Amino acid sequence: MLLTQWQYVELNASGRPALFPEEVEISVSDEVGLYQGKAKVLNRQRGRVYLTTQRVIYIDKTDPKAYSVAVKLSDVESLELYPGFMRSSPKLTVYFRPPTDPVSLPPPVPELSWGCPICYFLNKWPADLKLPSDEEGAILPPCQTCGVRPSAKHILRLVREQQEVIAGTSLSTESTASANTCPQCTFINHPSLVKCELCDAPMQPKSSGGKQDGKQRAGPSINYRDVKIQTETDDGLLAKDARMHIKISFRNGGEKAFYERFQSEVERVKWDTLMELGKVNANAVKLQNNPSATPPPLVPMNLNMGISSLEQIGEMKRKKTGFVLSGALEDIDQLMLKAKELLVLSDEFAHTVAKSLMGSNQMNLLQNSSLLLGANITTGFSRKDLLSSQLYYEELTRQISDYLSFVLPFEGGIMSLVDLFALYNRTRGINLISAADLNKCCCELFAELNLPYKLKEYKSGTKVVMLKSDQEGKIASRIARFLKKSESEHFEELKERLVVSNNQLLTSELNNELEAMLSNKEEFMFKGMSTLDISKHFKWSYGVTDEETELALAQGVIVMDQQISGTYYFVNKFDASYDWETEETEFDMATWKFEDYTTQQVALIPPPVETPLAASTEESYAATPVPVVRTPNLSGALLQLEGLMFD
Amino acid sequence: MTDADFKFPPIYNFPPFYTKQPNETTWQSQSQQWIGLVLDYCKQKRIWVLNSDGVPLSKNDSELDSDEEVDSLSLFANEKIQRSLKRETIGEIYAQMVTEGSAEYLSPVSTSLSRSLKKATPQDQSIIVYWRKPEDWATMLLEWVEKTGQLGGILTLYELQASESVKSQPFYKINSTVLVRALDVLVKMGRAQVLKEEGGKISGVKIV
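Residue numbers (the numbering used here), protein chains in the order written: chain A, 1 to 647; chain B, 648 to 855.
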């Protein structure tokens with residue numbers, strides 16, 4: 001039996017789930033397996049499980065793309081923790097609410113409306129009023145603006161048309177999903193509009209497009225890709241009175257913390273749903289169920305005599321101590337990196353205070369800061385949150401990878417490790433990571449986790465982070481292409497300036513004359529590009545540019561001109577195959593077909609991989625013709641297009 | 648014979664041409680381009696000797712060439728773009744030319760005719776540019792001697808270099824060192840006998 005609660009999960013390039021807007025990660029645990037009912041789910045026995053504010057997401061370790069699934073928190077009714085016994089690992093049972101649960105939103109009832117034949121005002125048909133069954137004798141409401149009653153015939157015709165349209169849209173959601181057809185007037189609106197542009201009628205909520213669903217939790221399902229679930233044995237869910245449930249088995253521990261957070265999230269989601277449905281009184285306040293919010297009274301009010309009372313007092317004292325310690329350590333947590341000793345100390349105390357520390361202010365702060373940045377990628381896990389350090393590093397690496405996909409395009413595709421460290425920690429704000437951690441993440445785990453980034457170390461020892469697809473020659477050829485382009489642009493610009501100043505039309509004769517003049521006069525000569533020019537163009541830092549030009553020099557694609565005023569770089573024209581007439585070499589053809597970094601990045605910026613859209617854009621980039629930069633034989637018309645041609 | 652307007656290749660105006668490229672492969676092709684340029688330039692201007700700065704030295708080498716106009720400017724400096732090759736780099740290019748056999752260091756051992764010589768490291772040395780190989784010159788001399796029926800006769804070096812009869816020949820006003828090298832080739836082939844003065848100076852040659 002396939003539970004309908006399983007949902008497909010989109011992953012981004014770093015192997016992390018692509019989160020909905022306003023969805024924030026709360027916790028993660030690894031080495032978990034999934035059960036459906038009583039039976040193990042095949043192929044989902046080793047992975048990580050993420051708890052977010054909207055979903056519980058399972059990411060498979062062996063094949064994340066194929067086997068990852070998620071369950072919405074709004075589908076969850078209750079949780080149960082099984083602590084584990086002997087060889088049976090601890091399990092978290094997740095009970096789903098029955099499909100007919102009254103809490104879930106009723107499907108939106110399409111409203112009928114009619115346009116007044118006199119004044120064209122769009123009247124709403126009162127919901128409690130029955131539709132006239134025949135054309136005679138029905139009492140119809142008058143138009144709200146002009147007060148004229150419509151004829152029953154007119155109303156019936158309109159109503160029938162609308163019903164047909166609504167039936168049509170609900171049946172063929174596929175075809176209308178992209179068009180966003182108005183249910184009232186059939187006008188095809190822009191997909192982002194919520195109301196019809198023409199008749200002002202509310203649009204049908206679309207069934208596809210997971211983004212909108214983040215807000216409408218109980219809205220239509222986003223289950224547009226099949227999730228195939230196979231269980232090892234019979235799951236026993238078909239039996240009578242069986243409650244729909246799945247289990248998450250924690251092979252590596254960590255179930256307790258996960259359970260507590262999961263529980264509080266489920267509570268919150270339930271509460272939010274109630275709020276949304278308007279079932280909460282206006283000024284109702286939720287009872288806080290947080291033990292660490294107020295210190296428990298040291299002495300119980302009614303003291304009994306005997307051993308039980310002594311025990312009670314002991315218990316109270318312990319709780320009080322726990323409260324104080326957890327409160328103190330919350331602050332210390334933020335200074336964790338500055339005060340290493342305190343980290344050690346807190347680690348010693350960790351087993352006593354860890355439970356009360358979890359799920360407190362810290363997470364909220366992080367959520368706020370990440371929301372401020374407009375990106376979900378900065379949710380920081382602190383080292384203590386995650387029990388195994390390996391998991392911590394892996395998760396950190398994935399987060400850094402996410403961060404890079406966001407920040408690397410602004411850095412021209414190459415970023416020194418020091419810059420990354422500074423920027424990343426600034427984005428995190430609090431709960432900073434150490435340089436050693438970053439080094440470990442970037443050095444070892446990028447490759448291990450098969451992430452799209454890699455670390456490159458220059459001869460000088462400078463380490464930089466860049467896209468894995470950026471091979472050695474790719475960057476060098478990018479530099480060479482830039483040099484070539486700027487050289488031709490230099491001449492075009494000069495030519496244009498001369499033509500404009502002489503107020504002449506650019507004929508081919510004049511063009512030749514100009515070219516001869518330009519190539520013979522020292523002041524018009526192309527003087528090459530300095531390191532600074534290159535670093536400006538590629539948005540690289542100066543150090544990175546220096547290293548990259550050196551590499552490009554070593555590869556022989558560019559050459560340099562060293563003089564007192566500085567070093568300038570040129571395209572390599574020493575090659576025997578270089579043709580000074582057309583300014584092209586065989587080498588052009590072979591190496592310069594690498595696409596520009598900017599276009600490459602455009603294809604990369606939407607993080608989800610393997611979506612058909614992303615695939616098609618990448619293909620289209622691959623299909624774009626190789627831009628060959630050469631001096632075009634300019635005519636007057638082309639001259640005006642120059643800016644377009646060379647951008 | 649001289650053609651004052653030597654047409655420099657476009658690379659002559661390429662600023663990096665005047666910086667030794669750090670990449671070995673690039674430097675190889677760069678130096679090859681330089682060598683080609685030097686040979687072409689010297690051939691057209693009939694320059695026999697270049698000093699360590701690349702300035703033609705034919706003038707003070709022999710009075711034979713005194714009437715010849717020679718640039719006083721270095722070949723390795725481009726006024727127009729204000730770039731010039733460093734002396735070490737010139738030395739490296741010379742060294743490569745010598746290895747390839749397209750040049751020879753001007754040294755006391757190499758010729759008995761050369762006069763003022765500096766004792767210096769190879770870097771500071773002038774070179775004799777063989778824009779034609781001594782073998783080619785030898786063949787030319789032999790052909791001319793055969794054609795003019797002077798086989799077996801004794802000819803002075805001056806006759807071969809500057810007499811009226813050789814005015815139309817390509818080796819007219821040939822540099823003495825180059826001429827000696829060409830005669831050496833002929834001697835090795837067994838087609839010539841060199842007559843020497845007491846001081847070891849070549850006074851005449853008998854081509855057979």
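Simulated from the structure, these hints should not be mistaken for laboratory data. Among the hints, a few may not be true.
[As the list claims (entries may be wrong)] With a Cα cut of at most 30 Å, we get these calculated DSSO-like pairs of lysine-lysine:
1) B:K848 / A:K573
2) A:K463 / B:K667
3) A:K61 / A:K440
[Claimed, not checked] If you want the footprint, here are the derived chain B segments under chain A, 3+ residues with CB under 8 Å:
4) 656–665
5) 807–817
Quantities reported herein were computed from a predicted structural model and do not represent experimental measurements. Here a beta-carbon is modelled for each residue, glycine too, at the ideal position from N, C-alpha and C.
Checked hints:
1. Distance check on the hinted pair: K848 (chain B) and K573 (chain A) sit about 48 Å apart at the alpha-carbon level, beyond 30 Å; violated.
2. A C-alpha spacing of about 29 Å is found between K463 (chain A) and K667 (chain B), which places the hinted pair at or below 30 Å, so the restraint holds.
3. The suggested pairing of K61 (chain A) with K440 (chain A) holds, with an alpha-carbon distance near 21 Å, which does not exceed 30 Å.
4. Here's how the segment 656–665 of chain B fares: 9 of its residues keep a CB closer than 8 Å to some CB of chain A, so the rule of at least three is met and the hint holds.
5. Residue count for the segment 807–817 of chain B with a Cβ under 8 Å from a Cβ of chain A: 0. That is fewer than the three needed, and the coverage hint is violated.
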